[in-house]
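Undergrad: Based on the provided sequences and hints, a complete structural model is requested.
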Amino acid sequence: MSGRVRIVAALVAPAALAVLCAALWLLCPVSVKTSLFDLVGDAAEQIPTAVREQSANVVPVVISSQDLDQTVRVATALSLVLPTNDCIAVRTRVDGEFLESTLDFYVTNRAGLASAAAEGLLSTEQGRAKIARLAVKRAYSSLVPSLFTQEVDPFGLLDEFVTSMPHTYSGWAPRRGFLMAERDGVCHALLVMVLKRQLVGDVDALIDFKARFDKACASVAEPGAEIVACGVPMHTATAASRCKAEIGWLTLFSALFIAALSIVAFRSAKWLCWIALSLVLSALAGSAALLSLFGSVHIMTLVFGTTLLGLVIDYAFHWLLQAPGRRRAVTKGLVISFLTTEVSLVPLALSSLPVLRQSAAFLGFGLAASLAAVLLLYPRPAEAEPPSAVGDIARRRASKTVGIVFLVTLLAVLAGLPFARFGTDVSALYVPSRDLMRTERLLAELSGGADADCGIVVTEGSDDLEELLAKEDSLGLPDNVARLSRFLPPIAERRMVADDVAKLYAERSAAHAELLGLKTMPLPPRPEPWSWERLPPIADRAFVYRRSLVVPSTPAPQCVLPEGVSFCRPKALLESVLSEWTHETRIRLCVALVLMAVILAVVFGRLVFILVLPSMLALGAVFGVLGLMGEKVNLFHLLAGFLLTGMSVDYTVFLFFGGRAALKGAACSLLTSLAGFGALVFVSFPVVRAFGVALGVGLPVAFLSAIVLGTRDRVSEHDDRRTEHAATPLGLSVLWFCYCLLGLRVLHFLAGAVGFFAWVCSRSLRHASPRLAKTVGFTRSLADKLVVMAGGRRLPRVETDGSPDAKAFMDDVREGKGVFVLSSHVGTIEVLAALGECRATFHAWMEFERTSVFNAFYLGHARRGKVRIHPVSEFGPETVFFAGDALDAGDCLLMAGDRSFGRIRRERVGGREIELAEGAFRFARALGHPVYFVACIESGSCRYEAVVRRLPSDDSRSMSAAYAHELAALVDRHPDQWFIWNG
Amino acid sequence: MKNAAFFLALVAASCAWSLVMPSSCESALRRALDADASWVMERRIAGSDRTLVSTGVVSCAAMRGVIWDVRHPFPETISMTTNSMSFADEDGVRVKQLSELPHYADIRREADAFLSGDPRAFDGAVDVETRFGADGEWALTFKPSVRQIKRLLESVEVCGTDVVSRVVLRTADGGVSTIRFVELGRGTHSLWKDDCR
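Order-wise, the sequence lines are chains E and B. Heads up: the first sequence runs through residues 21 to 1003, numbered per my numbering. Heads up: the second sequence runs through residues 22 to 218, numbered per my numbering.
Among the clues, some could well be false.
[As the list claims (entries may be wrong)] Per the computed footprint, the stretches of chain E lying under chain B, defined by three or more beta-carbons under 8 Å from a beta-carbon of chain B, are:
1) 134-145
2) 155-163
[Unchecked claim] Selected chain E positions facing chain B (Cβ under 10 Å, derived; list incomplete):
3) Leu123
4) Phe125
5) Ser166
6) Leu167
7) Thr169
8) Gly197
In case anyone wonders, no lab produced these hints; they're calculated from the structure. Positions of the beta carbon are idealized from the N, C-alpha and C atoms, including for glycine.
TA: Here's what the structure looks like:
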């Protein structure tokens, strides 16, 4: 794609996506969800709809003061100034129209209504006589007349029914026109605001409502009186305004950070437009995905979506900061990174939580758009030529100090793992503001709902109100539960009462009318079934939601619940759902790690251990930090673990294969990801904050682990020549730590285990060494070599073979004559320094390129040891003078004679041709000191035997011949200790 | 239930109002708080073409309670203390704890406030009209302003001179009850012989 075409495409692509989004919005506009129940998705459907809807549109307002008058005064004033319109109804008082309408309802439907006491009397003739007598007595001498006229209620049945009804609200009693409760000397008045559904669904309108409500409260506030409100709409309004603010500052912060980082990294602002292109395309693609895949979007998806800024920009940095000529490697890295991140998003996409599904879709499509933009639209590196001076960090090796500090910190953090605990508290989903929480608690306590056993009886399963009432009535709920069937007895019960009332009228109405002088006393009409449409306000205010009957109840009904009746504890239910999900997610995370390891093993072979290790360490660090903080590991930390795993693999892949050149891009990637995800730590929503904590802790650990494991220059530059692919600084440090702590035998065991697993997992190793014993022996010999060269306290035991040459060798060493040792790859010559009574310093010439990690580790500890190593690559004329001086000083020189470098001399021994380094023999002869062939052969556990042979120093030819002879004999005797792998 | 609430309110309001009354009215109400009297109640209920007449005795013991004793035509003794109310007739005794009543705590609190010297504690609950006639006659008309009580009662008129002689209750449906008192003695507590009441 030419530059001009690319620019045109860069202009057209965002426009096309924008048009697509607009079209999708017009065709299927999505709504923004805000409630807690929407957050948990399908699981919320286990909670009956009636319970979910019960308080969705109700705002309880509590006015509290120690002075009753002040409480009433403020409540009255507030009821006058509260915002009301078509969408908001304020039900403030318990008298007035509410009372009138309720009494009128009972007058209209009085047939079959009687108190429990009257029902008992009505069933017998004597009882009916008593009712009539009491009615006459009341008419004569009661100081207060009946609620109803004699024509409506001549026997006082309805009057007694109404006055015997329990309070509508548990714990709240009508007083001075309000529902009031008193607790600890404080009077509380309850006002109830009811919002229309259309208002509840409009987030902006809810925020506006809350603002007007706060203003109204402020206008009537008095010292000593407190006005607080709660309810789902207030939670939604508070959460939505917080979300908006957080989305705003997160986006601003991320955008500014990315812009600043871009300018610092490129030392120019010219790349900002390309980065902006990535962002725009990603946001549009993510939005298009949301619009097309989901009918509604939770507001937290939008908060979570801001992290896209930090993620999509990674590709741009990797691409723009790549070294010239590495386009192919970077492209491969980007694709692998994209795939691993997408794989890590799959569990989120399959999650039961809509927010996580939506976020996964948004991020997944956004990342795809970003990758496409980078690969297809961005200028090619040759054209871009990012300044070569940029990012000195890329050229700097991670300093040893930083590495040690990181390792110590990591160990300290991992020490928190035993303290990590899994938690399933519902607060992992949502934590309301302190004020709202306090108000909810107060309301629950005043209403008797603070009991842990408190739940809600829901009667549903039919559209027939009478059927629901009959079901509810059959539950045998305690008297203190103000169920609807006590206010509206079912038709069967009313018919029975009506039959008894008919008998009462038949038996007593004439006499009653005569006694009281009444002209007419018509029998009440037959009871009719209750209908939803004619219910009084008391019913839909307290009991009826979506044609289901809802009753707060403590304790649970004791009987077997009939079909369509359920006892629900929403909090307990949510916690059990979270517990189940947490358990499943733990298993899924383990499975995902194994799957990812398998995929990486297929692609990268044995390197899978290196590639997966940062992910494991990052996960361990996250759990450890949470354990140290005393915070429980919840579902969302685990879900963040999927993302963390994918991103950790990204770093390792980039750093391992990109080497030094990729460090710059990876560092920028880390910073942008931290800016995106790390900032989530400051978000108020626990779900999103859990992701922030997990990724904020895990990503730096993964990045630094990847550096420690694989960004050394020689790892990338001399990778082909290295013979120690499995050796890592961290691995050696761990082994050294185990050695210092547990001793040489444990080190042997661990080294043997490493050898075993390496042999099992590596096909190339099995090919080079078909015998497992040889590999295990080699790794154990490496362990011995490590502790001797690094000057460990517990060394393997080394003894000479007792030959005359050995005695001469020891005498020469003790006398400080200076001996030249021609070693070989049979056994482990480095342990010679552990030879008893040998105090000489050993100088060894070794290849550094092939064993860079090991040697680097050794160099870090060399001050304690007696072995000084010199790179064979630096062998030169000055080496002759150095070696002569060292020998004259009584030191020992070690040089391998069987290494094939420089001029090769071939010696044939017993049908076997051995390649020898001719220079070594010439050098040994030229120095004029005694020359020995020495090989340290492992003779037992932690024991070596030094086989010593004096070599003739007449000429180098005879010397090499004798060397070859001794070497061949040793190889024949100890084939498993001939550790030469390359020839 | 509502009887007790209403009665307490009435008594409390009377007591409280007396604190700010002209002296004759105030002394008559104070006297009524600790007096025994016979009474005759004539009631006209809505829809009835006759007057229902009942008689009895009432005994008030200040800060202790009231016993409303109906003698004719249906004997019943209603004893009301600060905590409970009992109904005794030929069917036995029924006791109702006043603390269970929804408005009782409210009324009790306000009554206590009045009796403790707060003349405005009942403000907003009742409207009061005062009339004075010849020979030291006076009449207080209480009109409830709380809607629940309004549905039960339109007004309560208390009349008297140096003693309370008549109370007229008018209901919202047009019924009228007139109670005439004849004082039998002061501080005798004739109906309070049984301390267990």
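Undergrad: Of the hints given before, which are not true for this structure?
TA: 1 and 4
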